[in-house]
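S.K.: Put the two chains together into one complex, using the hints given.
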Amino acid sequence: MTAALRFDPIRLPEKCEQLRKEVRAFLAEEIAAGTFDPHKPNREDTDAPEFSRRVGAKGWLGMTWPKKYGGQERSFLERYVVTEEMRVANAPTRRFFVADRQSGPVLLKYAPEHIKMDILPRICRGEICFAIGMSEPNSGSDLFAAKTRATKTDGGYLINGTKIWTSSAHIADYMIAIFRTSQPTKENRRHGLTQFLVKMKQPGIKVNPIGQITGQYEFNEVVFTDFFVPDDHVLGEVDGAWKQATSELAYERSGPERFLETYYVLTELVRAVGPNPDTRSAEGIGRLVAQLHTMRRMSVSVAGMLQAGKEPVVEASIVKDIGTVWEQQLPHRVRDLAAFVEETATNRETLERQLDFAIKTAPKLTIQGGTTEVLRGIIARGLGLR
Amino acid sequence: MAESDNIVVETAEKIFADLADPQTINNDKKDSWQAPLWQALSEAGLPLAWVPDDLGGSGASLADGFALLNAAGRFAVAVPLAETMLAGWLLAQAKIASPEGEMTVLPASPKDRITLDADGALSGRARGVPFAKAAKHFAVLAQGKDGAVVALVDAGKARIESGLNVGYDHSDTVTLDKIQPVTVKPAPKGFEQTHLMLMGGVARSLQIAGALESMLDISVRYSNERVAFEKKISKFQAVQHNLARLAGESAAALAAATSAADAIANAKAFDDEVYLEAASAKIRCAEAAEKGGSIAHQVHGAIGFTMEHILHRYSLRALAWRDDFGSESHWAVELGKLVAKRGADELWPLVASR
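From first to last, the protein sequence lines stand for chains A and B. Heads up: the first sequence begins at 17 in the working numbering, then just goes up one per residue. Heads up: the second sequence begins at 795 in the working numbering, then just goes up one per residue.
None of these hints come from the bench; they were simulated from the model. In this text, a Cβ means the ideal position worked out from N, Cα and C, and glycines have one as well. It is possible that part of the hints are untrue.
20 Å max Cα-Cα, derived SDA-like pairs, lysine to any residue [said to hold, decoys possible]: (1) A:LYS37 with B:PRO1143; (2) B:LYS1131 with A:ARG349; (3) B:LYS1062 with A:GLU30; (4) A:LYS37 with B:TRP1142; (5) B:LYS1085 with A:ALA19; (6) A:LYS56 with B:ALA1138; (7) B:LYS1131 with A:ARG351; (8) B:LYS1029 with A:ARG397; (9) B:LYS1025 with A:GLU268; (10) B:LYS1029 with A:ALA19; (11) A:LYS56 with B:TRP1142; (12) B:LYS1135 with A:THR295; (13) B:LYS1025 with B:ILE1012; (14) B:LYS1135 with A:GLU358; (15) A:LYS125 with A:LYS56; (16) B:LYS1026 with A:GLY400; (17) B:LYS1026 with A:ALA378; (18) B:LYS1131 with A:ALA355; (19) B:LYS1135 with A:ALA361; (20) B:LYS1029 with A:THR388; (21) B:LYS1131 with A:ASP352; (22) B:LYS1025 with A:ARG397; (23) A:LYS74 with A:GLU33; (24) B:LYS1029 with A:GLU33; (25) A:LYS31 with B:ASN1060; (26) B:LYS1026 with A:LYS56; (27) A:LYS259 with A:GLY385; (28) B:LYS1085 with A:ILE131; (29) A:LYS168 with A:THR197; (30) B:LYS905 with A:ASP294; (31) B:LYS1131 with A:THR197; (32) B:LYS927 with B:LEU958.
Pair ranges (Cβ atoms, derived) [what the hints assert, rightly or not]: (33) A:ASP170 with B:PHE1023: 54 to 64 Å; (34) B:PHE1023 with A:PRO291: 33 to 43 Å; (35) B:GLU1067 with A:PRO291: 17 to 27 Å; (36) B:PRO1143 with A:GLY220: 48 to 58 Å; (37) A:LYS37 with B:ALA1063: 16 to 26 Å; (38) A:PRO225 with B:SER1147: 40 to 50 Å.
Looking at chain B on its own, in the form it has when it is part of the complex (with noise of 0.2 Å):
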């Protein structure tokens, strides 16, 4: 997944380089870049990476996918690509067509419920719903009582209670009460919540790895250039050993994104195995996330604070992250008690299992 192994991640960097520079964003106060960036990625297909050409999409493979969203992770990208293309994928395994425009998928926390009732109206309350104010539609996981569905629905029918992330992204409250949807299908049997959750999840790991790259890379290069006590600060060992803890956390979280990433590319089920590497990747990105950031922050000093520098566009969106489709602590009583379910002596034999 190195960043010009493949042509969706060579389109995506070129396009993000062009729209979506970070400081370039940082100084326009109107948000004017949002319209021309969509518009960019939607023209090359990338917002539905992950549906099929017979569904609507572009038909990339999953693995296309999540370097794409690693990429979008080094710009802090704003506009909900991920979040539409984890919809368009949700929808694509129901055999549901993507529509065009922005999409989310709720629910995004495995706390809440969506219930599909015996009229076929879909009902329930999900928090912390990425980009939901800016979607056009919303695929949504939901319980029937013949088991789970997919259902595409129109987003001006739902109540949305707009609210910000610590990133200053849309993280809202989506309110369906007695909705029809466009579309509903049963999901494919097996398919649960914890699915769609281990999925956003990955997502978001490398989402925050490519964060903490970006990160790693700002922060080495302004402590080769601010000069204090008369030399670079890059020259002080206190600041070279704060950088390579960074430069750990920040491979740390690459490694364990790339494999979770490969691991779902690869698998033939959600079985333990997924579960351990989504899992894992979601704890340890997000435990980077605040490790790594810290430091970066603390090597850019006062001006690392401020809204005119770019760096909390990484820093906060990373910390963001953490809180979508369950948190690290979520994930981590559910990892151990899978682990604890199956016993001492079969811990061992889970993590050498790949």
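Chain A with its partners taken away, still in its complex shape (with noise of 0.2 Å):
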């Protein structure tokens, strides 16, 4: 047997092809009534919120999941879908993201029954946003350095410490958090971490805004004062967060917003250099087509892997490793091209405000949910190296 992992080549059902088309249906209307410009790179700090409810009443938010708690019961290729279709237009998602790819399955798999029923149909119907607490001022890739205490008092527990580079804090309604409930042990450095639901928006949240590179703010810092949690928000087991962390990640990690974050610029390429381009930007365009079509391949195969109930934690670890860096020098290859675009494109504005943006965006994207070099040491785990 290889080391060697396979990506097998997983075709998108027909159904998918039919949901794409309502998907682009949609956001052409949205486009049309002006909710956002898919020519303008999708800015983190733009809240849609009647959008998100929009998207909500198509059954497109948590739609993977049990009917009884407002989901739709589809496939993760059908969510794939919808997922690519939004991001490619530049729709503004930022409202509904996080609690639709993550917190929403947390939740599912680890809330009591009412909390379940109370938060899951209000997240497919478009109404919360999520935000997620795992980053501290000295613990960041290092999670399990995080300091933050949740001490145990009458009916649950009191929050003390901060949390940081949370991004939508400043509008989320719900934040899932890991806070410190014991110490770790000497065999266990990973003990000691319970994972939380948290209602914002309260006495004892202070949400303060960072601003980024990029001139937006988008991430915040989030310091917690005496702040209260009832027993009922503990998710899963006590101590016990560890052992919840690492099999999520494959939804996390594997996604088309591991690869497609600044894929705007490719398309705005494209139309800069017209039907019939030089030789070095027909090689350069294709090139990246063929780097691209090979990422969303072995992107759509974790998916298909997820849907056949695995846990593909070192594939989507490689999707995101491939996908982040590929994103963060895209916009510097398309630059390259881009010096040889002709005067008279008609969109050559359009193309250096984008290249501006997305070379600002570009650090971020192979630090963001899992730095490179974490995800290289889950990779060469999966090797046996480790």
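M.R.: Dropping the structure here:
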């Protein structure tokens, strides 16, 4: 048996193509109505609550979840199609994206029934926004160094400490966070952290925006001061968050958002070079398209593995490693080729504006949601090296 | 296309393990392994896997044949198996029966053209033809005045200038100077040289992906054996991250190649979607051959740079295979032109077509 990982060539079933048409038609209507501009990079600080509700009304949020929680019991491949079409169109998905991808599945697995019945349908309707509270000022990639304390009190826990780099915390209704409930043990430094559901916008939580190098205010510092979380908001095993964190990473790391973040500059470059590109532009575009196509086929294949009930953590890490390095380099490669675009190209200014933004966005892509170094560590473990 | 999914691959792997073990072959300076290997492969019907029963072959599916080529890549098989398979496939397109023995296919480069004149003779020069020197027959795609034709040619009638590719396999220049073919028939309607190049390119992609799988395996194994600075080098983070990247390149190559193979095996025509799949596979696998191969060598250090070690059997062949049936630069230009012609707003629908 070889150590090599196989990504079987999954083909999207016919019903996915029907769904794709519906999503494209919906997005075309939204664009026509002025909800967003597809030529404008997806600014993550753009909040679009009404759009979120309309996506929910279409049944495209929580679409793989059980019907009793508001879901549609559709496949991961169908969800994949919705996600990639939204991403490519630069639709403002910020308000629902995290809840749909990550928070909902965590609740589905670990929350008590009454919480699921309360919250999951609201996610499906596009009404509520989630944030993820992982990093702290002295704990980033080293998740298990988290210090924010959850101290047992009557009927719940008191939270004290600070989370940081928390995307969307300023608009979020809920956060799923890990807090320290016990000290790590000698045998297991990962012991002692517990996953909690936190209701935001309450006294005891202060959200401080942090400016990013793109000029956006999208991530935040979140300070907890004697903030009370009831017992039924504990998600899963007390002190055992480390057991829960890893298997879900496959959902987070293999999606189309892991290589399409800067895709718009490639489309715009193709527009700028026109139907008869010179050899250098053709060669450059051809390579980028071949690389993009390969990553998408790998990413679709992982969606197929998830649908089959597997936990493709290593495969997903490979998709995110290759995908984020690619989307990070993409604006620079497009810039190389844009140097040869004719002055007369009608979209020249659009391309330049997009490149400016994409180049500023690029550095974060290999950091957020698991750094390249962490991913390569996971892959190395999969190879039996650690 | 997992290794043991089908009987064709199982049969081939058993033959490769018995008769094409890379270490044994590497130690054999006289190439005495070649004849028994070819004989075993022929007896199992593998070189003519893609030829239907009624044309003298074993009638395996396209998918099984592609899986076989991937397995051949894992063993860096250095006999004209892929070439004979492609030749048989090309002949079968025109309903020409395949003869016994080694074959190869020409042209093997998108730049070369063979022409059929009014007297039914073939002329032209084809460069970089793999294993031409070892072949008894050539399957030739030529341009006649009424369109493309497929011809079976006796190799003895051609002028062959022998050469070696960077993997030390034969890559020869074949000149046909008014050669009368054994058989010539029209190619199917719409069949173009580009289709032959894409088919050959996907074959090479699967071989490259297979070679990368083996490079990953032997590199991981070596890193777990070799000790430096008092620990196994697999324990150094820098080495781990290099191997993780090699695993990524290997996975990307395999994904691109198997996806393209699946596309061709299920396609009704060589349309834009098949073009995207096949061209992308060749481009991405060629890139992986370079990036992945260099990591495998880096992990092995000086020992991997010796003729005694088997690494070069994979790494150099993977690099050599990049050149056959159109290099990655060629396909990138062609794919770029296709994308530009379709226009910016048709790029995503093409990428998302499957």
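S.K.: Are the hints correct? Go through all of them and say.
M.R.: Each hint, compared with the structure:
no., hint, in the structure
1, A:LYS37 with B:PRO1143, "11 Å, holds"
2, B:LYS1131 with A:ARG349, "17 Å, holds"
3, B:LYS1062 with A:GLU30, "17 Å, holds"
4, A:LYS37 with B:TRP1142, "13 Å, holds"
5, B:LYS1085 with A:ALA19, "18 Å, holds"
6, A:LYS56 with B:ALA1138, "15 Å, holds"
7, B:LYS1131 with A:ARG351, "19 Å, holds"
8, B:LYS1029 with A:ARG397, "11 Å, holds"
9, B:LYS1025 with A:GLU268, "35 Å, violated"
10, B:LYS1029 with A:ALA19, "17 Å, holds"
11, A:LYS56 with B:TRP1142, "17 Å, holds"
12, B:LYS1135 with A:THR295, "13 Å, holds"
13, B:LYS1025 with B:ILE1012, "19 Å, holds"
14, B:LYS1135 with A:GLU358, "17 Å, holds"
15, A:LYS125 with A:LYS56, "37 Å, violated"
16, B:LYS1026 with A:GLY400, "13 Å, holds"
17, B:LYS1026 with A:ALA378, "36 Å, violated"
18, B:LYS1131 with A:ALA355, "18 Å, holds"
19, B:LYS1135 with A:ALA361, "16 Å, holds"
20, B:LYS1029 with A:THR388, "18 Å, holds"
21, B:LYS1131 with A:ASP352, "18 Å, holds"
22, B:LYS1025 with A:ARG397, "17 Å, holds"
23, A:LYS74 with A:GLU33, "16 Å, holds"
24, B:LYS1029 with A:GLU33, "46 Å, violated"
25, A:LYS31 with B:ASN1060, "19 Å, holds"
26, B:LYS1026 with A:LYS56, "50 Å, violated"
27, A:LYS259 with A:GLY385, "18 Å, holds"
28, B:LYS1085 with A:ILE131, "49 Å, violated"
29, A:LYS168 with A:THR197, "8 Å, holds"
30, B:LYS905 with A:ASP294, "19 Å, holds"
31, B:LYS1131 with A:THR197, "59 Å, violated"
32, B:LYS927 with B:LEU958, "10 Å, holds"
33, A:ASP170 with B:PHE1023: 54 to 64 Å, "55 Å, holds"
34, B:PHE1023 with A:PRO291: 33 to 43 Å, "57 Å, violated"
35, B:GLU1067 with A:PRO291: 17 to 27 Å, "20 Å, holds"
36, B:PRO1143 with A:GLY220: 48 to 58 Å, "50 Å, holds"
37, A:LYS37 with B:ALA1063: 16 to 26 Å, "23 Å, holds"
38, A:PRO225 with B:SER1147: 40 to 50 Å, "41 Å, holds"
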